Structure formats: structure tokens, C-alpha cells
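Q: Chains as they are written, first to last, in my numbering: chain F, 1 to 110; chain X, 111 to 226.
One thing to keep in mind: the hints can contain errors.
Some residues of chain F that are not near chain X, with every Cβ distance over 12 Å (derived) [claimed, not checked]: (1) T34; (2) A48; (3) V73.
Ranges between beta-carbon positions, derived for each pair [said to hold, decoys possible]: (4) F:E87 / X:R167: 35 to 43 Å; (5) F:E87 / X:E139: 33 to 41 Å; (6) F:T74 / X:G136: 42 to 50 Å; (7) X:E172 / F:R28: 48 to 56 Å; (8) X:R167 / F:D15: 16 to 24 Å; (9) F:A62 / X:E174: 23 to 31 Å; (10) X:E195 / F:A104: 50 to 58 Å; (11) F:E94 / X:E134: 44 to 52 Å; (12) F:E72 / X:E134: 16 to 24 Å; (13) X:E145 / F:T74: 38 to 46 Å; (14) F:A106 / X:H114: 44 to 52 Å; (15) X:R167 / F:V86: 43 to 51 Å; (16) X:E194 / F:L85: 23 to 31 Å; (17) F:T17 / X:E172: 17 to 25 Å.
Since the hints were made in silico from the structure, they are not lab data.
Since the model is a prediction, treat every value here as computed from it, not as a measurement.
Note that the Cβ used here is the ideal one computed from N, Cα and C, for glycine as well.
Each chain, written out:
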Amino acid sequence: MGTGSVDAVFQALGDPTRRALVASVAERGNATATQLAAELPVTRQAVAKQLALLADARLLRATRVGRETRYEVTPQPLGDAAAWLVEVGARWDERLAALGRSLARARAAR
Amino acid sequence: MELHVERDVVFPAGPDEVWEALTEPGRLEEWFATEVELDPTPGGEGIFRWGDGEERRAVVREAEPEERLVLDWDDGGEVVLELEEVEGGTRVHVVETSPDFAAALELHALAWAPVR
């Protein structure tokens, strides 16, 4: 996995259509462009292009099945980055709430 | 690649009160970590311990009283705390930056590489 891969992940997920595609693939377990295009207001070609981009960012893994490419979600690249964001974010929410209580106590003690 | 967590909170307290809570070890133990040693001056060291056994070390990069505190974590991440006096209190703006994630991910990738 090369330098900047997390950049690619975030860039790939910066687009609402691509986020929806990742969610759809995750829900189904795996999917082809044809299947996904059937439930979205976009062409199969547009879906295929976005899926290829998501595969480049390694968010999806592409497997060739006959004439079709089947995609499934690879959680790892998102996993590391998202886990950091969620964990550190939650810690700050807790800390800042505790800081508020500490400030109120100090003020009451004055 | 670095990631950022950013928070903005206004506390009904003066910048002097907030600065005290951000820099005095005894006060930091009320909200930041279980056990704190900190020399809140540029170049000063900080050791933070939590109840679960976690320990993090930091060096104070900037300390402008009642305005700005910057800590460099020893893992490469950083925390910037900025204070601003606003109506009714003090706005605390926090930005924590992750260590370089690309490097971390490469290490992760190496860990998964097949053993020869």
C-alpha cells in the first residue's frame, strides 16, 4: 500500500454517489455495475467508472466473473483512518465535557 | 497523510480560568488524564497516564498564556489548543492531528506481507 493511499480513500469517499455505491456494495455483500445501476438514477457506464475509482482507492476489490466485474468491500484502508477519527473524536468529546465540569467546580470553589 | 479531529466549545469561564485547567497538572487530572506531569513552557515535557495503563509523552512546542498551547506527541501527532475570549466566556478550539497515516498504513501493509 503506497504513500497517500488514505488520501485516495478520502477523495474517493468525498463524493456522495461513491459513498452510496460503497454502502450498496456493503449491503449486498458484492455487486456488479449492472446490478447497482438498476437501483440508481445513473447509467451503467457511470457506475462502472465510479466503481473502478473505488477499486483504485482499494475500498472495493474487483473480481472478474465471466464478462462482468464483481465488487466487494475491503474495509481495511478505511478501517485504520476511520478508527482513528472515531476514537480520537470520542475522546475529545468526553474530555471537553469533563473540562466543562472541572471549570464549573473551580468557579464554585472560588 | 494526516487526519484531524477538530472541536470548538465555549465555556462560561474566563481565559485565565481555562488556561489554568489546561496547564496545571492537578487540573488536567480532572479532565484530560488520570495522572499528569507537565511543564507548560516551550520545550517542557509532559507525561500523561490513563487508568487503563496507557501512557503518552509530549513536548510543549508553544505556550502563550491564555491564548495557545501546542503539544507534540512522541508518536508524531500533535494537539493545538487555542483560547479566545468571547461574549459569555472563552472559546476553546482543539485540533488533534494524527501521526502520518501513510507511514502507519505502510507499516500495517508490511505486517501483512507474506513471510519469506
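Q: Now tell me, hint by hint, if it's right for this structure.
A: Going down the list of hints, with the structure as the test:
no.: 1; hint: T34; result: holds (32 Å)
no.: 2; hint: A48; result: holds (27 Å)
no.: 3; hint: V73; result: holds (17 Å)
no.: 4; hint: F:E87 / X:R167: 35 to 43 Å; result: violated (19 Å)
no.: 5; hint: F:E87 / X:E139: 33 to 41 Å; result: violated (21 Å)
no.: 6; hint: F:T74 / X:G136: 42 to 50 Å; result: holds (47 Å)
no.: 7; hint: X:E172 / F:R28: 48 to 56 Å; result: holds (50 Å)
no.: 8; hint: X:R167 / F:D15: 16 to 24 Å; result: violated (39 Å)
no.: 9; hint: F:A62 / X:E174: 23 to 31 Å; result: violated (52 Å)
no.: 10; hint: X:E195 / F:A104: 50 to 58 Å; result: violated (18 Å)
no.: 11; hint: F:E94 / X:E134: 44 to 52 Å; result: violated (20 Å)
no.: 12; hint: F:E72 / X:E134: 16 to 24 Å; result: violated (52 Å)
no.: 13; hint: X:E145 / F:T74: 38 to 46 Å; result: holds (40 Å)
no.: 14; hint: F:A106 / X:H114: 44 to 52 Å; result: violated (29 Å)
no.: 15; hint: X:R167 / F:V86: 43 to 51 Å; result: violated (24 Å)
no.: 16; hint: X:E194 / F:L85: 23 to 31 Å; result: holds (25 Å)
no.: 17; hint: F:T17 / X:E172: 17 to 25 Å; result: violated (42 Å)
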